[in-house]
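Colleague: Residue numbers (the working numbering), protein chains in the order written: chain A, 1 to 150; chain B, 151 to 258.
If you're looking for bench data, these hints aren't it; they were derived computationally from the structure. Fair warning: this is a prediction, and the values are worked out from it, not measured in the lab. It cannot be assumed that every hint is accurate.
[Stated by the list, open to error] Sample of chain B residues at the chain A side, in silico, Cβ under 8 Å: (1) Leu159; (2) Asp160; (3) Glu161; (4) Ile163; (5) Gln183; (6) Asn186; (7) Glu197; (8) Tyr199; (9) Ile208; (10) Val210; (11) Glu212; (12) Thr215; (13) Thr222; (14) Glu227; (15) Met231.
Virtual Cβ for every residue (Gly too), placed ideally from N, Cα, C.
Listed below are the residues making up each chain.
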Amino acid sequence: MSAVTTVLPSSRRVRLRAALASLALALLAGCAWIPFLQVSRFDPATEQNLAELRPAVSAAYAGFAQDPLDTTALASVRGRLDDALAHERTKGEANRRTTRQLELILATFDRDLASRRGGPPWSAAAVANARENLEEAFDIALRTERAKRR
Amino acid sequence: MAGGWKEWLDERITAGKKIARDEIVDLVASAKQDSNEFLRRQGRKLERYLGQLAAGEITVDEFKTLVRQLRTLIELEAEEMGTRAAVRAQQLAEDITRLILGQLLRRL
């Protein structure tokens, strides 16, 4: 900077300092926004999606004991899961946990449905256990979302 | 049938693989005694599934599906746990993969 101050006329020095100060302020302001942007905010739409999908997915698993499968009802639940996941993905990296949770739930649903399609109707015990597990998965996701209120 | 699954395991895991049988019994016992309620619950569920499989109430394919669901649940919850519990959850998930989905299901 000393070389600059000796070579440049005073008016240009002032303009250079102003430009450097503006740049520093812009950088500081930019950095200050990063943590703010990465905080995931509570989303009532997400809470509603999860709360409504919990019984819907559980009911879909109850249908795994039936033969034939109600493919229309299953496709509808699958579509709602897809829509809910698409909504989470719009919220970016800060919402990574909820997005990941829904990805895991959707992958489980797809895997189990494929398994059921390739085999006989599930036993009553298997259906009861699976419903318990999926309901617990939604409970975990709901707890994650509600914790964002704090 | 909750207690009968150990004898059922004995019939399926030969003496040469006794270690695997003991490891599965230890896995269930250790999960059921964990200080974290979530992990204890998964241990109780795993024991229930083994009992139902031994009693013929669920098929091998259904058992596999349920154990995979347990592993997914542990993965979901581990993100929300404190560091120590998360490490135990990770260990439980790995043990389920190795002992139940790997060694046990290969013999059924």
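Colleague: Which hints, by number, does the structure contradict?
Modeller: Hints 1, 2, 3, 4, 5, 6, 7, 10 and 15 contradicted; others consistent.
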